[in-house]
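Protein sequence lines, in the order shown, are assigned to chains A and B. 1 is the number of the first residue of the first sequence in this note's numbering; add one for each residue after it. 1 is the number of the first residue of the second sequence in this note's numbering; add one for each residue after it.
Hints listed in this document are in silico derivations from the structure and should not be mistaken for laboratory results. Be a bit skeptical, because a hint or two may be false.
[Said to hold, decoys possible] Residues from chain B shown here face chain A by an in silico Cβ test under 7 Å; the list is partial: (1) R10; (2) A175; (3) D179; (4) V204; (5) V258.
[What the hints assert, rightly or not] The list that follows gives simulated cross-link-like pairs (lysine-lysine, DSS-like), each with its CA atoms no further than 30 Å apart: (6) A/K203 <-> A/K65; (7) A/K111 <-> B/K173; (8) A/K184 <-> B/K173; (9) A/K74 <-> B/K173; (10) A/K253 <-> A/K272; (11) A/K272 <-> A/K209; (12) B/K105 <-> A/K253; (13) B/K173 <-> A/K20; (14) A/K266 <-> A/K246; (15) A/K74 <-> B/K105; (16) A/K66 <-> B/K105; (17) A/K5 <-> A/K209; (18) A/K5 <-> B/K173; (19) A/K66 <-> B/K173; (20) A/K272 <-> A/K27; (21) A/K209 <-> B/K173; (22) B/K173 <-> B/K105; (23) B/K105 <-> A/K101; (24) A/K27 <-> A/K74; (25) B/K105 <-> A/K111; (26) B/K173 <-> A/K65; (27) B/K105 <-> A/K115.
Glycine residues also receive a C-beta, built at the ideal position from the N, C-alpha and C atoms.
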Amino acid sequence: MGSLKIENIRKSFGHVDVLKGIDLEVKDGEFVIFVGPSGCGKSTLLRVIAGLEDATSGDILIDGKKVNNTPPAKRGIAMVFQTYALYPHLSVRDNMGLGLKQAGQPAEEIKGRIKIASGMLSLDDYLERRPAELSGGQRQRVAIGRAIVREPELFLFDEPLSNLDAALRVNTRLEIARLHRQLKATMIYVTHDQVEAMTLADKIVVLNKGRIEQVGSPMELYNAPQTIFVAGFIGSPQMNLIEASKLGQSGAKTVGIRPEHIQVSKTSGEWKGSVIHVEHLGADTIIYLQTDFGPLTVRLFGEHKYDVDGVLYATPDAGRTYRFDNEGQVIKG
Amino acid sequence: MAKPTASPLRTGLVHLALGAYTLIALFPVFLVVINSFKDRASIFRDPLGLPTPATFSLIGYNTVLTQGDFVLYFQNSFIVTAVSIFFVLLFGAMAAFALSEYRFKGNTMMGLYLALGIMIPIRLGTVAILQGMVAAGLVNTLTALILVYTAQGLPLAVFILTEFMRTVSDDLKNAGRIDGLSEYSIFFRLVLPLIRPAMATVAVFTMIPIWNDLWFPLILAPSDATKTVTLGSQVFIGQFVTNWNAVLAALTLAILPVLVLYLIFSRQLIRGITSGAVK
Numbered sequence: 001m002g003s004l005k006i007e008n009i010r011k012s013f014g015h016v017d018v019l020k021g022i023d024l025e026v027k028d029g030e031f032v033i034f035v036g037p038s039g040c041g042k043s044t045l046l047r048v049i050a051g052l053e054d055a056t057s058g059d060i061l062i063d064g065k066k067v068n069n070t071p072p073a074k075r076g077i078a079m080v081f082q083t084y085a086l087y088p089h090l091s092v093r094d095n096m097g098l099g100l101k102q103a104g105q106p107a108e109e110i111k112g113r114i115k116i117a118s119g120m121l122s123l124d125d126y127l128e129r130r131p132a133e134l135s136g137g138q139r140q141r142v143a144i145g146r147a148i149v150r151e152p153e154l155f156l157f158d159e160p161l162s163n164l165d166a167a168l169r170v171n172t173r174l175e176i177a178r179l180h181r182q183l184k185a186t187m188i189y190v191t192h193d194q195v196e197a198m199t200l201a202d203k204i205v206v207l208n209k210g211r212i213e214q215v216g217s218p219m220e221l222y223n224a225p226q227t228i229f230v231a232g233f234i235g236s237p238q239m240n241l242i243e244a245s246k247l248g249q250s251g252a253k254t255v256g257i258r259p260e261h262i263q264v265s266k267t268s269g270e271w272k273g274s275v276i277h278v279e280h281l282g283a284d285t286i287i288y289l290q291t292d293f294g295p296l297t298v299r300l301f302g303e304h305k306y307d308v309d310g311v312l313y314a315t316p317d318a319g320r321t322y323r324f325d326n327e328g329q330v331i332k333g
Numbered sequence: 001m002a003k004p005t006a007s008p009l010r011t012g013l014v015h016l017a018l019g020a021y022t023l024i025a026l027f028p029v030f031l032v033v034i035n036s037f038k039d040r041a042s043i044f045r046d047p048l049g050l051p052t053p054a055t056f057s058l059i060g061y062n063t064v065l066t067q068g069d070f071v072l073y074f075q076n077s078f079i080v081t082a083v084s085i086f087f088v089l090l091f092g093a094m095a096a097f098a099l100s101e102y103r104f105k106g107n108t109m110m111g112l113y114l115a116l117g118i119m120i121p122i123r124l125g126t127v128a129i130l131q132g133m134v135a136a137g138l139v140n141t142l143t144a145l146i147l148v149y150t151a152q153g154l155p156l157a158v159f160i161l162t163e164f165m166r167t168v169s170d171d172l173k174n175a176g177r178i179d180g181l182s183e184y185s186i187f188f189r190l191v192l193p194l195i196r197p198a199m200a201t202v203a204v205f206t207m208i209p210i211w212n213d214l215w216f217p218l219i220l221a222p223s224d225a226t227k228t229v230t231l232g233s234q235v236f237i238g239q240f241v242t243n244w245n246a247v248l249a250a251l252t253l254a255i256l257p258v259l260v261l262y263l264i265f266s267r268q269l270i271r272g273i274t275s276g277a278v279k
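Let the sequences and hints guide you as you build the complete structure.
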C-alpha cells in the first residue's frame, strides 16, 4: 500500500521560498509525475517526500502515517537518482543488496529479491560487475533494481532518464511503464521533459515557482489547461499565445491556439502571414509564420511543401482556442 | 599550427626542465648514499667518487648498528609518523566531511579558522607547547610528539580534503541515506573510499616533515628511550669531531622507511575509482 498525502508543505532556503504551500494527494498505485521548468521546486518536493530535506512547515503522510520526523530509510520509499548514484566500489549485486543488508534482512531473502529484480531488468549477467564496467543504460537499470529490491511502498524517480541518450531514453521509459504495471506500486517521478510526463503518467502535477499550477491526467492538461502557464508548458511545439487586443477580441488578455489546431491555405483564411521557416519532420511539418500580430507556429500532419517568404493564410479550428484573463487564468465558455 | 602537446621542441623542453629538476633533487641523496659506503679518508679526498673496492667500507653502518640504539630510534620514528598520519587523516577527513556536507551557522568561519594553521608555523608556539607538555607530564614521551604532529598536519589535511569531499556527489550520499546507512557509515563506507587519492596526497605531505623533523624531538622528547632517527644521528655530530661515516649511514637508513611508506601511498594515488559511480 502506498498512498501519499502532502499538506501545505513549505520549504525555504534562507530567504528564498522554494515551495510555497503544496497540497497533494496520491492514491495507491498511481503513477504521478511532477513537471515544471528548472527551479520550480519539483526536485525539492521529491527530496522532502524522501526525507532528504526537512520541510520548513507542513506535513507528509505516507499511508496515513505522518513521517515528518522519520528518517528516509524507514519511510518505505526507494529512490532512483538522475546520476544513478551507484556505490562505485560495490558489485551490482551488493549495490542492490546494501539497503536490505542494512535493514537486517536474512541473506536468503536478499538473494531471492535480487534474483527477481535482476530477472525483471535483465541484469543477470552483470551481477558481479562493478558500476564502472557497465554502460549508462545498464547503470540506470541497476539503480532501478536497487529500488525494486527494497519493495517500497513508494518509488521516487528524480529525472532518471536525463543522462541517457535519446534511443535509450525511449527504451528505459517503456521499461519503467512496464515495471509500473507489473509492480502496481505507487510511483512519483520528476522530470522537466513533458514527453516523459505525457507518456508515463496517470496524473501530472505541473509546478511553477513553488506552487502547483494544475493537477490532472495528461489529456486533461492538454485539452483543458487552467492557466496560461500549463497551456504553454504542455504540448510541443508550444501553444501560440497571442495578445487578444491585437486580434481585436475583447473580454480576454491572451488567446491561445495549439499549432496542430490551425489549418493553412494559400488563398484565403482568417490570418495572413508570411512563411519564415519550415521544419520537415516526416510525420509532421512545422511552419513558422510572421503575421500582423506576431509569430505563429503551425503544425501540419504529413509532408507539405511551402516556400519560405511565401504568403499563407491561417485559420484556427473552431472551438479549439483558449482565452485567458489578466491573471493568466482560463476563461471558461 | 601544431598543437602544443604535439610539438617535439616543447615536449623536449618540458622533459629537459623536469630532468634537470630531478637531478638537482636527487643529487644530495645520491651523495649521501655513495659516501655512506666509503671509508673516512676517501669521503674527504674524493666526495663525488663512487665507492671502489679500495675505498669501500661498511664502517659507518657498523657504528650505527652497534653504537646507540638505532633499532629503537627507528621504531620511535615509525610509531610517531604512522600514528600521527592516522590521526591527521581520521580527524582531518571527519572535519572536512562536516564542513563540506552540513549546512550550519559559521561553517565558512570554521573552515577558515581550521585553515589558519597552514599560514602560521606551529613552531612559533614551541615555548607554550613545551610548557603545556611539562604541565601535562608528557615530556619525553612519544605521545607528546604525536599530539604536536597531529596538530601540525590537520590544517592542510582539512583544507585539501574539504575541497575533495565537495566533489563527491550528493546523490550518492542520499542514496546511502535511503538505504539506511548512518552518517558514520556514509562517511566511512561511501565517502572515504572515493577520496582515497586525496587521502594519499595528504598522507605523503604530512609524513615527510614529521619523519625529518629535528625540532620537536629535540625539545619535547630528547631522552634516549624516545629519540627519533633524525635526533639519534645527531650523536655522531660533535662539536670537534664528526663521525661522517656514521652520520651518512644513519641518514641512508633513514631514507628507506620513508621510501617504503611513500610507495605504499603513491599506489593509492591512482585516480579513477569514482568513474562510473555517477554519470
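Hints and how they fare:
{"no.": "1", "hint": "R10", "in the structure": "34 Å, violated"}
{"no.": "2", "hint": "A175", "in the structure": "4 Å, holds"}
{"no.": "3", "hint": "D179", "in the structure": "4 Å, holds"}
{"no.": "4", "hint": "V204", "in the structure": "22 Å, violated"}
{"no.": "5", "hint": "V258", "in the structure": "29 Å, violated"}
{"no.": "6", "hint": "A/K203 <-> A/K65", "in the structure": "23 Å, holds"}
{"no.": "7", "hint": "A/K111 <-> B/K173", "in the structure": "24 Å, holds"}
{"no.": "8", "hint": "A/K184 <-> B/K173", "in the structure": "28 Å, holds"}
{"no.": "9", "hint": "A/K74 <-> B/K173", "in the structure": "16 Å, holds"}
{"no.": "10", "hint": "A/K253 <-> A/K272", "in the structure": "21 Å, holds"}
{"no.": "11", "hint": "A/K272 <-> A/K209", "in the structure": "36 Å, violated"}
{"no.": "12", "hint": "B/K105 <-> A/K253", "in the structure": "47 Å, violated"}
{"no.": "13", "hint": "B/K173 <-> A/K20", "in the structure": "27 Å, holds"}
{"no.": "14", "hint": "A/K266 <-> A/K246", "in the structure": "23 Å, holds"}
{"no.": "15", "hint": "A/K74 <-> B/K105", "in the structure": "28 Å, holds"}
{"no.": "16", "hint": "A/K66 <-> B/K105", "in the structure": "29 Å, holds"}
{"no.": "17", "hint": "A/K5 <-> A/K209", "in the structure": "21 Å, holds"}
{"no.": "18", "hint": "A/K5 <-> B/K173", "in the structure": "26 Å, holds"}
{"no.": "19", "hint": "A/K66 <-> B/K173", "in the structure": "24 Å, holds"}
{"no.": "20", "hint": "A/K272 <-> A/K27", "in the structure": "48 Å, violated"}
{"no.": "21", "hint": "A/K209 <-> B/K173", "in the structure": "27 Å, holds"}
{"no.": "22", "hint": "B/K173 <-> B/K105", "in the structure": "22 Å, holds"}
{"no.": "23", "hint": "B/K105 <-> A/K101", "in the structure": "35 Å, violated"}
{"no.": "24", "hint": "A/K27 <-> A/K74", "in the structure": "20 Å, holds"}
{"no.": "25", "hint": "B/K105 <-> A/K111", "in the structure": "45 Å, violated"}
{"no.": "26", "hint": "B/K173 <-> A/K65", "in the structure": "26 Å, holds"}
{"no.": "27", "hint": "B/K105 <-> A/K115", "in the structure": "46 Å, violated"}
Hint violations for this structure: numbers 1, 4, 5, 11, 12, 20, 23, 25 and 27, all remaining hints satisfied.
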